[in-house]
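With the hints as extra help, turn the sequences into a complete structure.
Given next are the chains, with one letter for each unit.
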Amino acid sequence: MDRGLLSFAGTPQPSASATITASPETISDADVMLRVKTGDESAFTYLAEKYRRPMVSFMYRMCHNPAVAEELAQEVFLRVYRSRSGYEPSAKFSTWLYRIATNLAVNHARDTRHERPEKTVRLDEPDQETGTTPDLADGALTAEEQMLRRERLAAIRRKVEALPERQRLAVIMHKYQQMGYRQIADVLKLSESGTKSLLFRAYETLREQLKEFV
Amino acid sequence: MNCNQIRERLLDLATGVDPGTPEVEKHVASCAACAGKLEELRQTMALLDEWKAPEPSPYFNTRLGARLREEEARPHAAWLNWLRRPALAVSLAAVLVAGVLVAGNKSYFVEIEAMNTTPPAPSVPVQPGTAVGDLQALERNNDLYADFDMLDELQVQDDVTANP
Chain A
1 MDRGLLSFAG TPQPSASATI TASPETISDA DVMLRVKTGD ESAFTYLAEK YRRPMVSFMY
61 RMCHNPAVAE ELAQEVFLRV YRSRSGYEPS AKFSTWLYRI ATNLAVNHAR DTRHERPEKT
121 VRLDEPDQET GTTPDLADGA LTAEEQMLRR ERLAAIRRKV EALPERQRLA VIMHKYQQMG
181 YRQIADVLKL SESGTKSLLF RAYETLREQL KEFV
Chain B
215 MNCNQIRERL LDLATGVDPG TPEVEKHVAS CAACAGKLEE LRQTMALLDE WKAPEPSPYF
275 NTRLGARLRE EEARPHAAWL NWLRRPALAV SLAAVLVAGV LVAGNKSYFV EIEAMNTTPP
335 APSVPVQPGT AVGDLQALER NNDLYADFDM LDELQVQDDV TANP
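Chains A and B, in that order, give the protein sequences.
Residue numbers are given in the working numbering: position 39 of the first sequence equals residue 39, and the series is strictly consecutive.
In the working numbering, each residue carries its 1-based index in the second sequence increased by 214.
Simulated from the structure, these hints should not be mistaken for lab results.
The structure presented is a predicted model; accordingly, all values stated were derived computationally and were not measured.
A few of these clues could be false.
[To be verified] BS3-like mimics (lysine-lysine), calculated; alpha carbons at most 30 Å apart, straight line:
{"no.": "1", "chain 1": "B", "residue 1": "Lys-251", "chain 2": "A", "residue 2": "Lys-211"}
{"no.": "2", "chain 1": "B", "residue 1": "Lys-251", "chain 2": "B", "residue 2": "Lys-240"}
{"no.": "3", "chain 1": "A", "residue 1": "Lys-50", "chain 2": "A", "residue 2": "Lys-196"}
{"no.": "4", "chain 1": "A", "residue 1": "Lys-196", "chain 2": "A", "residue 2": "Lys-159"}
{"no.": "5", "chain 1": "B", "residue 1": "Lys-240", "chain 2": "A", "residue 2": "Lys-92"}
{"no.": "6", "chain 1": "A", "residue 1": "Lys-37", "chain 2": "A", "residue 2": "Lys-159"}
{"no.": "7", "chain 1": "B", "residue 1": "Lys-240", "chain 2": "A", "residue 2": "Lys-211"}
{"no.": "8", "chain 1": "B", "residue 1": "Lys-266", "chain 2": "A", "residue 2": "Lys-159"}
{"no.": "9", "chain 1": "B", "residue 1": "Lys-266", "chain 2": "A", "residue 2": "Lys-92"}
{"no.": "10", "chain 1": "B", "residue 1": "Lys-266", "chain 2": "A", "residue 2": "Lys-50"}
{"no.": "11", "chain 1": "B", "residue 1": "Lys-251", "chain 2": "A", "residue 2": "Lys-92"}
{"no.": "12", "chain 1": "A", "residue 1": "Lys-189", "chain 2": "A", "residue 2": "Lys-92"}
{"no.": "13", "chain 1": "A", "residue 1": "Lys-189", "chain 2": "A", "residue 2": "Lys-50"}
{"no.": "14", "chain 1": "A", "residue 1": "Lys-189", "chain 2": "A", "residue 2": "Lys-159"}
{"no.": "15", "chain 1": "A", "residue 1": "Lys-189", "chain 2": "B", "residue 2": "Lys-266"}
{"no.": "16", "chain 1": "A", "residue 1": "Lys-196", "chain 2": "B", "residue 2": "Lys-240"}
{"no.": "17", "chain 1": "A", "residue 1": "Lys-196", "chain 2": "B", "residue 2": "Lys-251"}
{"no.": "18", "chain 1": "A", "residue 1": "Lys-159", "chain 2": "B", "residue 2": "Lys-251"}
[Stated by the list, open to error] Chain A is nowhere near these chain B residues, computed Cβ spacing over 10 Å in every case:
{"no.": "19", "residue": "Ala-228"}
{"no.": "20", "residue": "Pro-233"}
{"no.": "21", "residue": "Thr-235"}
{"no.": "22", "residue": "Lys-240"}
{"no.": "23", "residue": "Ala-246"}
{"no.": "24", "residue": "Pro-268"}
{"no.": "25", "residue": "Ala-345"}
{"no.": "26", "residue": "Val-346"}
{"no.": "27", "residue": "Arg-354"}
[What the hints assert, rightly or not] What the simulated footprint calls covered on chain A by chain B, stretch by stretch (three residues with Cβ under 8 Å from a Cβ of chain B suffice, anywhere in the stretch; the number is not a length):
{"no.": "28", "segment": "69 to 82"}
{"no.": "29", "segment": "140 to 154"}
{"no.": "30", "segment": "184 to 192"}
Here a beta-carbon is modelled for each residue, glycine too, at the ideal position from N, C-alpha and C.
This is the structure in structure tokens:
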């Protein structure tokens, strides 16, 4: 086995990253994944480094818990690694990655649906799930402004979470992962026009329900 | 340009992906409904921007590396993943149940067959009063029963003599 994987936990792999980033314009992520398929562990390290942040942020917005989001993001990479031998670049690598992430997030949400009580965000106490205050306090804001801001954030989280599953996924991918209609459609296995319509309905709901906060 | 055409582009106009054209601007300037919706949607988008996600923890790589090493250390774990697939697990369970049933039936038939064809081993004690016990007793006392028959015949002859 290549040492790239084993040393992944320790020091970064400058040589591996350098190899792949030497010509970032010419080599696609799918090509890098094909190198993973041939046993190049440093290529896997490169992909994990590149998509680590987007995966954690996607999972966080799906499950609202940073620790669980990290676990799920790691599970995505583990699944990528396990599937390396059967990988076929039939779609963009990131589309494949988000499809894995979406399945995991949806399954997790369904599995823990009954474990999660109705969420009540207490603005004067740390979040029970995360152990932190709902969001970082801004030193420039007054106590009242901070309270209003936290209320707004709690409302955003609640309203996004209350959207139907596919609308929620589409909004998170569109708004927070900066993905285009085509790619969201590919991940959710919808048509492009269907995805646009799904997003439009979702934003209309959010616009209506968050009216008091804008 | 009409309201429906604006509506189709509303999302991209609100997010800035579509910078708009003079025609769009002209319609929005003259249509209060479209202008209102566009502005509200822009404000909603700005509001949604406030929800930030945390950065991956500094231990992310360490944990992932550990999980990958664990994965590598378990070369046989991959086939177990197949068992985690619900469809496969159900099929496998069905095959196992069918196998157990077939094996159970087969041993039952073998038992019946053995009972019909082979006599019980002499060393095995047979309870009196059972069918097998009675048959064994009849076989053992065959001569005695034959004598009883002869005695019966003699008795009949005596009767004939006594009452001709």
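Hint by hint, here is what the structure shows:
no.: 1; hint: B:Lys-251 <-> A:Lys-211; result: holds (12 Å)
no.: 2; hint: B:Lys-251 <-> B:Lys-240; result: holds (15 Å)
no.: 3; hint: A:Lys-50 <-> A:Lys-196; result: holds (28 Å)
no.: 4; hint: A:Lys-196 <-> A:Lys-159; result: holds (19 Å)
no.: 5; hint: B:Lys-240 <-> A:Lys-92; result: violated (39 Å)
no.: 6; hint: A:Lys-37 <-> A:Lys-159; result: violated (41 Å)
no.: 7; hint: B:Lys-240 <-> A:Lys-211; result: holds (26 Å)
no.: 8; hint: B:Lys-266 <-> A:Lys-159; result: holds (15 Å)
no.: 9; hint: B:Lys-266 <-> A:Lys-92; result: holds (26 Å)
no.: 10; hint: B:Lys-266 <-> A:Lys-50; result: holds (19 Å)
no.: 11; hint: B:Lys-251 <-> A:Lys-92; result: violated (35 Å)
no.: 12; hint: A:Lys-189 <-> A:Lys-92; result: holds (14 Å)
no.: 13; hint: A:Lys-189 <-> A:Lys-50; result: holds (24 Å)
no.: 14; hint: A:Lys-189 <-> A:Lys-159; result: holds (24 Å)
no.: 15; hint: A:Lys-189 <-> B:Lys-266; result: holds (27 Å)
no.: 16; hint: A:Lys-196 <-> B:Lys-240; result: holds (24 Å)
no.: 17; hint: A:Lys-196 <-> B:Lys-251; result: holds (17 Å)
no.: 18; hint: A:Lys-159 <-> B:Lys-251; result: holds (19 Å)
no.: 19; hint: Ala-228; result: violated (8 Å)
no.: 20; hint: Pro-233; result: holds (16 Å)
no.: 21; hint: Thr-235; result: holds (19 Å)
no.: 22; hint: Lys-240; result: holds (23 Å)
no.: 23; hint: Ala-246; result: holds (16 Å)
no.: 24; hint: Pro-268; result: violated (5 Å)
no.: 25; hint: Ala-345; result: holds (60 Å)
no.: 26; hint: Val-346; result: holds (60 Å)
no.: 27; hint: Arg-354; result: holds (71 Å)
no.: 28; hint: 69 to 82; result: holds (count 8)
no.: 29; hint: 140 to 154; result: holds (count 3)
no.: 30; hint: 184 to 192; result: violated (count 0)
The structure fails to meet hints 5, 6, 11, 19, 24 and 30 from the earlier list, while all remaining hints are met.
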